[in-house]
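Mind docking chain B on chain A? Use the hints.
Respectively, the protein sequence lines represent chains A and B.
Heads up, the first sequence is in our numbering, so the first residue is 1 and it goes up one at a time.
Heads up, the second sequence is in our numbering, so the first residue is 600 and it goes up one at a time.
Keep in mind the hints are simulated off the structure, nothing from the lab.
These numbers come from a predicted model, not from an experiment.
Even glycine gets a Cβ: it sits at the ideal position worked out from N, Cα and C.
Please note: incorrect hints may appear among the correct ones.
Which bits of chain A does chain B cover? Going by a derived footprint, with three or more residues having C-beta under 8 Å, they are [to be verified]:
(1) 227 to 237
(2) 294 to 308
(3) 454 to 463
25 Å max Cα-Cα, derived DSS-like pairs, lysine-lysine [unchecked claim]:
(4) B:K1060 - A:K294
(5) B:K1060 - B:K1122
(6) A:K244 - B:K1023
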Amino acid sequence: MAKTIIVPPAYVTQSEELYDKGYDPKVARRLFGYTRPYMNRLSVAMVLMFFASAAAVAGPYFVKIAIDSGLTAQNYDALRYTVLAYLAAAVIQWVCTYYRVNIMSWIGQAVIYDLRTALFQHLQQLSLSFYSRYSVGRVITRVINDVETLRDFLTWAVLAITRDIFTLIMIIIVMLSMDLRLALLTFSVLPFMVLATLLFRKFSRLAYRKVRAAISWVNSVLAENVNGVRVVQAFSRQAYNYNKFADYVNRYHLERAVDAARLASFFSPVVDVLGAIATALVVWFGGTAVLGEKITAGVLVAFVLYIDRFFDPIRDLSRRFDALQSTMAGGERILALLDTDIDVQDASNARDLPVLKGEVKFDHVSFHYSDDPQPVLTDINLHVHPGETVALVGETGAGKTTIVKLLSRFHDPTAGRVLADGHDLRDVTQSSLRRQMGIVLQDPFLFNGSVKENILFGRLGASDEDVVAAAQAVGAHGFILRLKNRYETSVEEGGVLLSVGQRQLISFARALLADPRILILDEATSSVDTQTEQIIQKALARLLKGRTAFVIAHRLSTITSADRIVVIEGGRIVEQGTHAELLEKRGMYYELYRTGFQE
Amino acid sequence: MKGTTNYGILNPPPMKTLFRLRGFLKPYVWQIAANILCLLLVTGLSLIVPQIIEQIVDDGLLKGQVQYLVRSAAILLALGLGTAALNLAQRYLSAWTAARIGYDLRNALYDRIQYLTFTYHDHTQTGQLISRCIEDVRAIQDFMGDSLIQMVQLVFLAVGVITLLVLANPTLALISLLPLIPMIMMTTDFGGRVTRLFYAVDLTLGDLSARLQENVSGVQVVRAFAREPYEIDRFDKTNRKYFDSRIKVISEWSKVMPTTSLLITLGTILILIFGGQLVLQGKMTVGGIVAFNAYMLMLSAPVQQIAWMVNGAGEASAGAQRVLEIIATEPEIQSPPNAVTLPPLSGRVEFKHVSLRYLDEKSVALTDIDLAVQPNQLIALIGQTGSGKTSLVNLIPRFYDVTEGAVLVDGVDVREVDLGSLRKQIGIVLQTSLLFSDTIGANIAYGRPDATEDEVIAAAKAAQAHEFILGFPNGYETIVGERGVTLSGGQRQRVAIARALLMNPRILILDDSTSSVDTQTEKLIQEALDHLMEGRTTFVIAHRLSTVRRADLILVMENGRIVQRGKHAELLAQGGLYREIHDLQLNQDHAFVSESEEVESLETRASADHSFS
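Same shape as in the complex, but just chain B:
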């Protein structure tokens, strides 16, 4: 499953999708009602205008009564002022409501995305999620604040105009409204087609963006293999597809847009022909005809916007479909309804015949893992990449659910406990230490935002990070990340260790990744880790013999199974895979001077560049 770009191309969302958003309108029922009232009044006022004009022509001009003119001018002015006031209220209300709905939608999306499982995020592109929160919500917001209001207004106006015309002269009304029938048919048909086309446009733009993103991320490889012409060609193909998809929309649109105004003009012409006859026969006044025509023309401007409104609705319903898709995705992993809140753990961890198979994957990641770990033990996992070490430890904080068997913490199945109470007692230091663009202090306090300054400093000291942090001009207030100071790999790791330390977890999961720093830093990190592991149940994905040797239990993994287990000496005596790995490592585990510090110094000037440095 490549992200979510390729869903539904055959099956674009119907406009009905928009109705599914109604839950988001509920909190604003009063504002919406007031808005509709304003719209009704504005429409009502505008319907009076042609009546005035009729009076001007018939009573004022043709009968020569000046007082009618003065009065009509005054009424027209008053109507203008009233309309303006109502418009002001209505516009503000609709923009306000739309902005609130956008705000609520963004919050709902963010909330859901945060809780969606690792499995979901493994299969979804970050860019896709962000563009839904921003672009799709914007499309919905624009629609609610603009096109939707125009549609409602058009309906009110059409109903009002038709009623008045029928009241004035049913036959003439019927004749002059005939052109509206093909118009309605055409617009409905257009709505369906253009939604599909817009869908295709969205998809190709997504492809274009992905193509570009990849090219830029892999710029060094492209350069290194002199593949620029090839890349330009690939981009050009996608760019052309995008061009074509846009042209398709335009050719639909350009058919509908001029035709709607032609049909309205036909209405006017019908009025002149048939109404003119009535006037000539003396059955209708000239002013009556003028008013009749004025009503008809009132429809002309909004009807010209129909294509636009449908466009907006199509875009919004495509957006709504994607937004709702996320909001409706239930996280597969959540605390059960009557979850047990875990008391402070002693740190016993058990795996009972656990198997795991990832979504969409053929092979099994873990098979029949059976394991009991006592509090405060140090467990080392070793084995080839892909042998299941990370999969195994990811089950303890319940990042994934087992396919078979059970994982127990202090004798309780992790699926029965409150997730927060479980994860707060588990500290994790991942191989890539991701920090957030915030102060160093806030990053250390990430798991416990309420921690005191002293606690933060204590954690930093224990993680051997205090000194380098003080080396920055702003100390703990130094902003890190994209818009701040770039930390070296070793520094990042120590901040991550401090972050885990501050949680004071009962169970600790470490991805032993210190090999990417120089010897000196490595020593510091090792000391920090020793500190961190003290008095906790610790799982280490280990690459270094020094760590492995000290473990209370070593698990040797191969193809998702534990093939050997025991202490260092026992396993060494046993021979087998452990012995093999051990011997290999003795021969080569003499990392020379590590170069990665150079990476980091360059990173400050070259963030996109780091893979080559």
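Same shape as in the complex, but just chain A:
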């Protein structure tokens, strides 16, 4: 195949740059802070590690003694004692390693558990404006994938790295104490080793970064096409898409992976060569020294064995460094998420809201988003009495949604106050507010679980009778009974097995079960068939009865039956009154009514 240069889209190359962040010791320090609760265990593990490494490093030394004092000196007892000591060391190593691995891995898992819990709890407090910037996919990548990378690192790599470092230090000590000159001879190749490692890291970092960016490109193309597979099939695009995938996206990843492999395959042979040079030097000079009777044969043999063990951890360490780097990139993203400010927060002296009558007041409320000075709402004043139904009406982007969002305190106003029964919402706890507030969304979200569980979401611990009563009240009972397992029928991901109308009715039942004092209803615009529509209208009337309600209304029947209609334009209230009053005024409402009414 002709080699063509594949140019990935901008976001792929941008993410390549994103990875271009060196290792940040601050990130490492903070992540390490998560081990603090387990310091005792960690110290035990370190002690065990010391003994295990010492026992491991002692091995060749025992072989040396066996050769020199036992075999060469023809001393049977010396041989026997040496062997016994060797055996003891092996058993010590065995026991220590077993407990060390157990303890350290346990700590790694515990840290991961803690970190995920912290992330999830933090996510439960972040405001909706956070979620509007941060897609579901990104949250999952942080909490699942990035934390998994960290886990891999914490449990396996940390084990290996600490073992390597301990072993290396001890080997150096033993070598130095056995014979200073041979030891220095061995270390003479180290500067080259360091140089090779530095060079390798410089190139490999870039290469691995490209591989990661490429895989994320593959990921996003796959995600989109699997999501849109029905459209793909409807337009018979399979062959075309396949070629595009195989020849561009997937091939780009392949080429980057091979680039990285080419680099990586150079590194280990370099270590091999340096190891061979060190061994040859030791044999030559050391051998001459033995012949000059300066050292024993046993020392030389032990040295050759140690050289092998000396280069293993070095090779291993430099390989791990790469993992360390990508782990730190993930760690940094995790910490950034944990550091995201909670912009809507309970005040330190927040009180629980008492049982509400349902009076709502907007007092000179203005609002704009933090990243955009354009006002969304300007000087809203509105006084709603308990039990009143208010229909919010207005054109696209007028600010109706923002009004109800402020009322449920998904955002805080930038000026003015929102009051419930005279309590400023910022002075009360969010949970006590929302427990008395029911919100029915335009696109009713159902959780993966049974129909019953979804209704129960409104009030945990409600009895089966309550659930059925709520379903009956909104007219959902009938279709639920026709489902395969009735109330126990599981609703699949996003409720796909139910129709839009049915999902709406379930969300009504959920809200009814919660029995809120204030109800916010975002009327669905999606079309349902006429009969379902009838049922929904009846359910709505039932739901609104006896509560203060704010309705973002789309249906004329809902609007006309409201106690008050509030017309919003450009973030201001321009008119309010009953249907009849407003029609008489011949203002904005009249215009909307006229254009909307014509078919």
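Below, chain B without anything else, positioned relative to chain A:
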């Protein structure tokens, strides 16, 4: 069937599963052979080293011959260089082969996923499919490029070492190799257990991910009902399960890992005891013992990695199982072997006593649908949600197969024709207009990537989309979707209409969903649709009386049956369900000002937020 997360927990894949991947190795036989050759040579070279050491000790040191030392040092260096060169070749070859296999696997998966039927996708979670293409393939690739090579190398080395030891001194070899027997038994046993445990780990991680995904998707509901503590508790339970499943793996692993190195050390100790006696009796040289021991120690490093290799193999075989499961799934709907390629259709559609029952469902979706539609007719389907309208139209492009009866297009059963030739002549505008993150132009040309720019513009004009497209700074080159401009619902719909128009389909299927836009946009869309329907056989799932009134044939559906059919006036006169729906709609089909445009303007700042806006 909830996705595919709960299969096989009792029955994790055996390592044998990996052999089923051998078809993917075939194209790279030469590379693999070269790789194995390199491995053999590297192993061979490394086996020479202890011989050299023996010579150094016996001839060089103990007999005091300096020339042996110089020669040995030179040989050791040469061996090092040779090993390095071979290692380089071998590492590159194995990484290259693994990357190619990963590439091929991903392609195969993607190809299969694209052709799997609607039924399959209805029951499978998107995330699951993606994680197979990415994570499972990665596990297989890592195994092929790393653990597998190490295993092969270990086998070569073990065979070489054992042979040399037996040649040097059979009795001593037998004694010192004794500890290998429990090691092999332990490792085999570990392999089986750890695979099962890894399986459980995968499943719980999947659950954790699902829990999180749901929480984030439903964040508004969670907030609205102040259910955060409940959610935290649920997450915590799953998180703890995951913790436990990981700990189980670790406790297995921590038993095996130190024990393997203990057993190797026992080998060395046995050599020293029994070999030492032989030396003292003068039956063996000191160098011989040293070499013997050096051979034994050569096994020590790779043997310590056994637990790792088994881990890798376990992970890879779990991945292979899932990957192969997809690749082996035959799409239930495909063109038959001797499929007829449909000529340009006139547009006649017939349903002959069609019934349909979806997989896994108790109730029947369609019962005895009998229908003949002439070319260029406009058919309106009305009825309650779930009455079977969508099921009916989905049968025409053969998204599902009928359970009984037959669907015919121009007199030919859709099951006998080439799927591509059928679907290319059917245009579909779905209720949710899904666009891809690509340019607007490419989205319009989705069904015909070879369309000229003029054709694309003509289609956009006919769909009333041209003007708003030109309103973007980059016009038709504007990227839409996740990483580009967010289009409003009405705009998306018009692009989808243009997309269908460009196909110039003979048969058109519309899910009449224009109610979610404001009056002005609705008018534009209606005009676009009128344009689209001209001169084609059209099936409309209708909610609006204006569309229904004009239809050549109205089908009123209830519980999967056609209960009434005819023209508007006839049906009105007949009374019944149609009359009922009609009257209800007259009373309330006066949608006021639609608010959804607000949704869209907010969507640009708040994509996750849209359900509340």
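Comparing the hints with the structure gives:
1. As drawn, the stretch 227 to 237 of chain A meets chain B at 11 residues by the rule of a beta-carbon pair under 8 Å; at three or more, the given contact holds.
2. A count of 5 residues in the stretch 294 to 308 of chain A with a Cβ less than 8 Å from any Cβ of chain B is obtained; the coverage claim is therefore met, three being the minimum.
3. Only residues whose C-beta sits within less than 8 Å of a C-beta in chain B count toward coverage, and the stretch 454 to 463 of chain A has 3 of them, enough to reach three; the restraint holds.
4. For the suggested pair K1060 (chain B) and K294 (chain A), the alpha carbons sit about 96 Å apart, so the restraint of at most 25 Å is broken.
5. A threshold of 25 Å between alpha carbons decides the hint, and for K1060 (chain B) with K1122 (chain B) the separation of about 15 Å falls inside it, so the pair holds.
6. Taking the CA atoms of K244 (chain A) and K1023 (chain B), the gap is near 19 Å; set against the 25 Å cutoff, the hint holds.
When held up to the earlier numbered hints, the structure conflicts with hint 4 and nothing else.
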